[in-house]
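Novice: Listed below, chain by chain, are the residues.
Number of protein chains: 4
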Amino acid sequence: MRILLSNDDGYFAPGIEHLARALGSLAEITVVAPERDRSGASNSLTLDRPLSLRKTANGFYYVNGTPTDCVHLAVTGMLDTLPDMVVSGINHGANMGDDTVYSGTVAAATEGFLLGIPSLAISLASRHGVHFETAAQVARELVESLLARPLGEPMLLNVNVPDVPYEQLQGRALTRLGKRHKAEPVVRAQTPRQETVYWVGAAGAAQDSGEGTDFHAVANNRVSLTPLQIDLTHTAQMGRWQRWLQS
Amino acid sequence: MRILLSNDDGYFAPGIEHLARALGSLAEITVVAPERDRSGASNSLTLDRPLSLRKTANGFYYVNGTPTDCVHLAVTGMLDTLPDMVVSGINHGANMGDDTVYSGTVAAATEGFLLGIPSLAISLASRHGVHFETAAQVARELVESLLARPLGEPMLLNVNVPDVPYEQLQGRALTRLGKRHKAEPVVRAQTPRQETVYWVGAAGAAQDSGEGTDFHAVANNRVSLTPLQIDLTHTAQMGRWQRWLQS
Amino acid sequence: MRILLSNDDGYFAPGIEHLARALGSLAEITVVAPERDRSGASNSLTLDRPLSLRKTANGFYYVNGTPTDCVHLAVTGMLDTLPDMVVSGINHGANMGDDTVYSGTVAAATEGFLLGIPSLAISLASRHGVHFETAAQVARELVESLLARPLGEPMLLNVNVPDVPYEQLQGRALTRLGKRHKAEPVVRAQTPRQETVYWVGAAGAAQDSGEGTDFHAVANNRVSLTPLQIDLTHTAQMGRWQRWLQS
Amino acid sequence: MRILLSNDDGYFAPGIEHLARALGSLAEITVVAPERDRSGASNSLTLDRPLSLRKTANGFYYVNGTPTDCVHLAVTGMLDTLPDMVVSGINHGANMGDDTVYSGTVAAATEGFLLGIPSLAISLASRHGVHFETAAQVARELVESLLARPLGEPMLLNVNVPDVPYEQLQGRALTRLGKRHKAEPVVRAQTPRQETVYWVGAAGAAQDSGEGTDFHAVANNRVSLTPLQIDLTHTAQMGRWQRWLQS
Chain V
1 MRILLSNDDG
11 YFAPGIEHLA
21 RALGSLAEIT
31 VVAPERDRSG
41 ASNSLTLDRP
51 LSLRKTANGF
61 YYVNGTPTDC
71 VHLAVTGMLD
81 TLPDMVVSGI
91 NHGANMGDDT
101 VYSGTVAAAT
111 EGFLLGIPSL
121 AISLASRHGV
131 HFETAAQVAR
141 ELVESLLARP
151 LGEPMLLNVN
161 VPDVPYEQLQ
171 GRALTRLGKR
181 HKAEPVVRAQ
191 TPRQETVYWV
201 GAAGAAQDSG
211 EGTDFHAVAN
221 NRVSLTPLQI
231 DLTHTAQMGR
241 WQRWLQS
Chain U
1 MRILLSNDDG
11 YFAPGIEHLA
21 RALGSLAEIT
31 VVAPERDRSG
41 ASNSLTLDRP
51 LSLRKTANGF
61 YYVNGTPTDC
71 VHLAVTGMLD
81 TLPDMVVSGI
91 NHGANMGDDT
101 VYSGTVAAAT
111 EGFLLGIPSL
121 AISLASRHGV
131 HFETAAQVAR
141 ELVESLLARP
151 LGEPMLLNVN
161 VPDVPYEQLQ
171 GRALTRLGKR
181 HKAEPVVRAQ
191 TPRQETVYWV
201 GAAGAAQDSG
211 EGTDFHAVAN
221 NRVSLTPLQI
231 DLTHTAQMGR
241 WQRWLQS
Chain A
1 MRILLSNDDG
11 YFAPGIEHLA
21 RALGSLAEIT
31 VVAPERDRSG
41 ASNSLTLDRP
51 LSLRKTANGF
61 YYVNGTPTDC
71 VHLAVTGMLD
81 TLPDMVVSGI
91 NHGANMGDDT
101 VYSGTVAAAT
111 EGFLLGIPSL
121 AISLASRHGV
131 HFETAAQVAR
141 ELVESLLARP
151 LGEPMLLNVN
161 VPDVPYEQLQ
171 GRALTRLGKR
181 HKAEPVVRAQ
191 TPRQETVYWV
201 GAAGAAQDSG
211 EGTDFHAVAN
221 NRVSLTPLQI
231 DLTHTAQMGR
241 WQRWLQS
Chain F
1 MRILLSNDDG
11 YFAPGIEHLA
21 RALGSLAEIT
31 VVAPERDRSG
41 ASNSLTLDRP
51 LSLRKTANGF
61 YYVNGTPTDC
71 VHLAVTGMLD
81 TLPDMVVSGI
91 NHGANMGDDT
101 VYSGTVAAAT
111 EGFLLGIPSL
121 AISLASRHGV
131 HFETAAQVAR
141 ELVESLLARP
151 LGEPMLLNVN
161 VPDVPYEQLQ
171 GRALTRLGKR
181 HKAEPVVRAQ
191 TPRQETVYWV
201 GAAGAAQDSG
211 EGTDFHAVAN
221 NRVSLTPLQI
231 DLTHTAQMGR
241 WQRWLQS
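Protein chains in written order, with full-length UniProt numbering: chain V, 1 to 247; chain U, 1 to 247; chain A, 1 to 247; chain F, 1 to 247.
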């Protein structure tokens, strides 16, 4: 068994070290992660320059590119055979609701999925990032089960883990992505050279965070498991468009 | 009426100039686009530095960020009222099938949609980009109709236009996103300093390009209209996961 | 005659357009400049990725690299013969005293000099950049004279022009680089995500700005001409080091 | 005593670890280095975005900026008192002759010098980088002597160490910077998307490498010590320019 690990926080982030340790006894681990923090990278792919692949003293590989680049390069240019699984994380911070669309953590797993590999993204749902070992333990259990009893179809699973000691977890919940209110406006600032610049503001508060959502599960100390797909076609709106086009 | 234009090819790209000219008589136009080519940027958002907003001699604004940054900054920090529509493009090259997940053009429209604005991405489906005026005319007709007769619910529409003279178009087709085969492997190269580097390879050939897909429509010289949504939850797979969790 | 123009403000900057117009009747002009503002780039050279060369509608070329990259690529990969001169600018803002060490404008000219071409950097010495036409006229006169009566040895000339109407100029002065006091400290700021970041502060006030310096010339409305060389060896300190080593 | 260390290869590079170990018993060490390889950065300074300062598990700090940024930020925004010395390196590869103008290693030391601190850049003069411990030992001896017996004026010293076992060193030589022939031309390549791109070519061969130069010293297994200054004024050419202006 071989598992490919990546993330968007960079190869040096505590989350990916926890993950490598936790999964190391289940399979042969290869780590290929960005050389610097690429949070917010979404599925961006580097097309205007080539990528370098370098190795650290501890055997991790890093790439001067995005999370998607890392998985793409590892699978199509470096590994001799397809890995049995791609695991991305442990992200420092939640990836829930609409935010998944911006997430580099989820993007790395998505690239694995697009390349035909069962893939899983895992995030520690808190700003301060205390209990990485909880998320590592959750990752280990899930991966162990998925290797032993595969799902039986292509899979892309988004996992968010409450930042509490393992024994305080209240089980797992299968969830849908919630929704947020609109993001906060950009924040203006002045540079020392008197130029106006704009910081992207904070994410909005949860809007749809009711029962069944990832927000709700995590708020209740449950591990949130959201199966994802990547077909953005809005099938439910087809009829309305058909009528609009004909009118 | 006010329309916000953006793209991922950069504020200087011919596609956005065509678009600005074509829509200029329908509404007040504001252009806010990336300062350089950001193709492949997906929904990436710049969180680690602030953004600058500058204006060119011809009145276009440009931002040292991603397509998503441009729309986000324009809507939450620059325009006094919400625009009536966001239009992104005209992209040089198709955005169909799985590629939409990497597209900065679609991402700019997605950000408009997430901010509550009817949004549309438009791409000229060819490598060489000859008939931008065809796509501009298609954009003009669609936008005119949508302003006159709104859809009646939140909308995010992905439009791909064949690269032929306008009179050779064979109508419009409402489509679903097709699927591609896996991407080509990365391509190795040597630098003059004898380092190995890797270029991301070309996109795979179309796999699901049958009747009803965007690939099929464009191959038959029809304008492809694909309504998109952004909820990645894999609802159809929930039952299988439920059983997996319980076994 | 052929003159290569570059700058560090980007190919779209007003300064380089003024320069191209002013020198257009003296020689064939080729513009190769950075695709975005690279102020502060110094002599940095891009080694970790290849460069692209693109052409705008008005015939200017731009490169996704530094000012040094632009001149290097133009001379060693694009032009069939060595240009007769490299002119860099017109920079928006002075390049005097110790600041020349950080300047991308001076760096572009330095690269020309290192490649064996008579080279000149020209800057409009003010924050607001009003009288570009004054600097353009100064550039035209200097270049015309230098083409007609070459200096007779390798040359790298740093020119700073007061931001006043041409008729208010009080002649030219041959100057040495002045010195500044230390830069202002970095300025702390908070991001919307509560992280501390640091802006590089403003340049220090002039320290050695007495008679004979570039600071003094410009303050007296004279065009400052400073011949530069690039050998940083501290010849005058050799004796002291010799004694230090022997003690 | 406190010594500030930086480099241009990145905080994770073997050279800076060797340096930190070698100097650790002489003084309190603070490491502030770039978060990624910034070779070729020259004196570039980041003006268009703020810098972040982060700390690794081993106590090193890293900055998302250039070598110059690192020293500037450390001295003006982080350390409570001026360090007694700035040491930059151990660079993987020589920094001799004209190349010093592009070097980020030398630039970090230059920034220290500009801020009033005795500064030293040290490089291991080989492509393969085998004997870092030799350079570390040389650094230790030099720094120890300089702290015990300061030079007595502002100093900026560029040190290049042959890549041989310490006992094979043939002493130290006080040198001037040599000169290289022009750089090799850029190297054309094709991207997988059929675009032409250009790699900056290799440095030229040594041209002035005679007795007394850094090239000569290193070729003879001697440690090269070159005192640098930063005033680029070409004093020797002033007379010629004076005559040119008057003619």
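Fair warning: there could be bad hints in the mix.
Ranges between beta-carbon positions, derived for each pair [unchecked claim]:
| no. | chain 1 | residue 1 | chain 2 | residue 2 | range |
| --- | --- | --- | --- | --- | --- |
| 1 | V | Gln170 | U | Thr196 | 17 to 27 Å |
| 2 | A | Gly210 | F | Arg54 | 56 to 66 Å |
| 3 | A | Glu195 | V | Glu167 | 29 to 39 Å |
| 4 | V | Gly152 | U | Gln168 | 16 to 26 Å |
| 5 | F | Arg243 | A | Leu245 | 47 to 57 Å |
| 6 | V | Arg54 | U | Val164 | 18 to 28 Å |
| 7 | A | Leu151 | F | Leu79 | 43 to 53 Å |
| 8 | F | Arg243 | A | Gly24 | 24 to 34 Å |
| 9 | V | Pro14 | A | Asp208 | 10 to 20 Å |
Derived by calculation from the structure, the hints in this document are not laboratory data.
All values reported here derive from a predicted model rather than from experimental measurement.
Backbone N, C-alpha and C define an ideal beta-carbon position, used for all residues, glycine too.
Novice: Next step is simple, just say for each hint if it's right about the structure.
Specialist: Evaluated hints:
1. V:Gln170 - U:Thr196: 17 to 27 Å: violated (49 Å)
2. A:Gly210 - F:Arg54: 56 to 66 Å: Once the Cβ atoms are compared, 43 Å apart, the range 56 to 66 Å for F:Arg54 and A:Gly210 is violated.
3. A:Glu195 - V:Glu167: 29 to 39 Å: This hint holds: roughly 32 Å between Cβ atoms.
4. V:Gly152 - U:Gln168: 16 to 26 Å: violated (46 Å)
5. F:Arg243 - A:Leu245: 47 to 57 Å: violated (40 Å)
6. V:Arg54 - U:Val164: 18 to 28 Å: violated (46 Å)
7. A:Leu151 - F:Leu79: 43 to 53 Å: holds (46 Å)
8. F:Arg243 - A:Gly24: 24 to 34 Å: Because 30 Å falls inside the window, the suggested range holds.
9. V:Pro14 - A:Asp208: 10 to 20 Å: Between V:Pro14 and A:Asp208, where Cβ atoms are some 50 Å apart, the hint is violated.
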